[in-house]
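These protein sequence lines are chains Y, U and L, in that order. The opening position of the first sequence corresponds to residue 106 in this note's numbering, with each subsequent residue numbered one higher. The opening position of the second sequence corresponds to residue 33 in this note's numbering, with each subsequent residue numbered one higher. The opening position of the third sequence corresponds to residue 72 in this note's numbering, with each subsequent residue numbered one higher.
Do not take every clue at face value.
To be verified - Here are the computed distance ranges between Cβ atoms for each label pair:
#1 U/G224 <-> L/V150: 22 to 30 Å
#2 U/G122 <-> L/P126: 42 to 50 Å
#3 U/S227 <-> L/E298: 16 to 24 Å
#4 Y/S269 <-> L/R106: 29 to 37 Å
#5 L/N167 <-> U/S141: 16 to 24 Å
#6 L/K326 <-> Y/T271: 34 to 42 Å
#7 Y/K110 <-> L/R166: 55 to 63 Å
#8 L/G116 <-> U/A121: 50 to 58 Å
#9 U/A268 <-> L/V359: 48 to 56 Å
#10 U/A47 <-> L/R76: 54 to 62 Å
#11 L/P126 <-> U/L94: 50 to 58 Å
Calculated directly from the structure, the hints in this document are not laboratory data. All residues carry an ideal CB built from backbone N, CA and C; glycine is no exception.
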Amino acid sequence: MPMKKVVLDDKAIERALARVAHEIIERNKGTENLVILGIPTRGYHLALRLRKKIEEIEGVSLPVGAVDATLYRDDLGIKKDQPSLKRMEIPPVDGKKVVMVDDVLFTGRTIRAAMNALMDFGRPLAIQLAVLVDRGHRELPIKADYIGKNLPTSRKEGVKVHLSETDGVNEVVVDSAPQEGK
Amino acid sequence: MNRLVIKGGRVVDPAQNLDGFYNIYVMGGRVASIKKVEADTSEVGTDVDVVDATGLVVVPGLIDPHVHLREPGYEYKEDIATGSKAAAAGGFTAVMCMANTKPVNDNESVTRYILKKAEGQPVRVFPVGAVTQGQKGERLTEMGELKSSGCVAVSDDGVPISDPGLMRRALEYSSQFQMPVITHAEDSSLVGHGSMNEGVVATRLGLKGIPNAAEDVIVARDIALAELTGGRLHVAHVSTRGSVELIRRAK
Amino acid sequence: MRLKRKDLLGIEDLTRDELELILSTAASFKEVSEREIKKVPTLRGKTVINLFYEPSTRTRTSFEIAAKRMSADAVNISVSTSSAVKGETLRDTARNLEAMRPDCIVVRHSSSGTPHMLAGYVGCSVVNAGDGAHEHPSQALLDMLTVKEKKGTLSGLKIAIVGDIAHSRVARSNIYGFTKMGSEVTVAGPPTMLPAGIEKLGCRVTSNVEDALRGADVIMMLRIQMERQSESFFPTVREYSRVYGLDEAKLKRAKEDVIILHPGPINRGVEISSEVADGPYSLILDQVTNGVAVRMAIFYLLLGAAKEE
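Model the full assembly from the supplied sequences, consistent with the hints where possible.
If you want it as structure tokens, here you go:
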């Protein structure tokens, strides 16, 4: 029997993002020189939400872009299901502090690929990482700077973030018998 | 030893208007009698060889009047020995081999070479000599010599005789030796670089097509010339509805 | 989503879904060519061989740049340096190339069907870069991408293809492509250059160029090859240009927002006048830009995933 459990609901996601927005401002002592880059598909929508929250707090609308890591993945020759290309839209990043945003941090390989992609567009002053969920099981030395929720999971479980923009509902679900792991 | 029965085969022989299941009795190398299978009550002695032809077709030795044995010159494609074996395997006992060898069979020495190589082969080989020297379509061959050395017909098969005047002379000249002219009926300029029938399939495959008219116009021309000269014409590899109709009408 | 194919040999075999996948992937790849660093590591370690038996600058260069922007290694073999002139058969050439373990062979040949034969001989992917008068799939895909960018759709459009249809692989591939996507294709040219049964490919056929251009959303002018003159397909360049060449007067028959494509290289003043070729409707250079993106997409979709077992 597959077991699906909602670990974050609509309200909890909003609270977590609000906290992350505050942390970003605090850590960077304001919003100067900041750029937010989401990793499509859901990381990009989270980036847009973070911009809105930061604007509510600081009154500044930060540039937001999308960094698609697909062409930089290290598993293309291994996966049978070929990922389709997504949005790539990178504002000037030279000398900027870039906050990369993704929904779930797992092995760290996507973040590695996204950083490589970003480096082809310029030389940021710094890259920081914000994720809604950190589920552990890193395979690379990568650590998030801002975490919505730490979620200890087993490797076999699937963690899915659903957002109203793409899925019609806001929730984070843990599936104990997933079809495909994330 | 010289008594043989071929039993139970489907016997087809248009010359005797036969098509049915018969047992064939052979004595001394000749067919002695043919009996309907269901009506045959003969007892076969132990001294008689029996060939069980059940499920097989039994025919008189077939004659293929149009083969390419390729020898001399193109032995890498085929030679007289392999071509003869293939013919025998298909039920043929005699073949006529075309002249587009290298050198072309346009003189006695090539004809004799072919006949010598054909000795001992399982089929009889009848060479066809060329109509024009080197099959170049310019000057007639010495058909008298070809006839006396063993050729049974003349043909430039492989290439058409483009010049109508030359075709006329070929039909006229060959008639004195009772050798038919076998025409390779194709108009070179209509064929062009074509490689298949013209039509939607050629268009879809991006291949150059050959219109049926490429064959029809030469068949019509050669029929008119045969009528004019009284020469004997044989049209090789007829492949269009148009030429079938032309030949039927001409006959 | 992926293209479940080893090879890309023609548009005729592709489904509408496959065409859409290639086109949307190509649209994403355009962005890579606009970067400062025009290179992604996607196909690192892959080897692409461009095997060209016919002279070509544009197509070969486009495939080469596409491979290199994907970080694949591209090697060019042209007929003057190949063993074909020494009498090697295609099969032997294929086996020798295969022994060097390429991941993809891009082939152009003057004989229709060559890429199909090659694909049967080798285990790696084969991409048809133009075979005889048969197909030129990457050209049709870049034409379709160019039209889609300008018109926003590929369905319900009126496409006129004008010129030497009989000898054109570009025409065939585009007839298949645009009709599959739901557009209406009319081909026009001298009767000597309209091949038998072309209407059965799903297009309208006419020898009246004005009729073909009437209400057209897209006009595709084909290159006229001068040597066809000596084969009596048309009497003189002057007459061809007068009857079939696209000038501003003929262009008036088309829709106001018509766009003009040409597979290049153009004969200025013959099939297309200079003012039209350089005019605002002409997308000839967009086609070239899109060619690289389409070929990157082809490489990505054929080589960018684990092999099907």
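Structure-based check of all given hints:
no., hint, result
1, U/G224 <-> L/V150: 22 to 30 Å, "23 Å, holds"
2, U/G122 <-> L/P126: 42 to 50 Å, "47 Å, holds"
3, U/S227 <-> L/E298: 16 to 24 Å, "19 Å, holds"
4, Y/S269 <-> L/R106: 29 to 37 Å, "33 Å, holds"
5, L/N167 <-> U/S141: 16 to 24 Å, "43 Å, violated"
6, L/K326 <-> Y/T271: 34 to 42 Å, "38 Å, holds"
7, Y/K110 <-> L/R166: 55 to 63 Å, "57 Å, holds"
8, L/G116 <-> U/A121: 50 to 58 Å, "54 Å, holds"
9, U/A268 <-> L/V359: 48 to 56 Å, "52 Å, holds"
10, U/A47 <-> L/R76: 54 to 62 Å, "58 Å, holds"
11, L/P126 <-> U/L94: 50 to 58 Å, "51 Å, holds"
Of the numbered hints given earlier, the model fails hint 5 alone.
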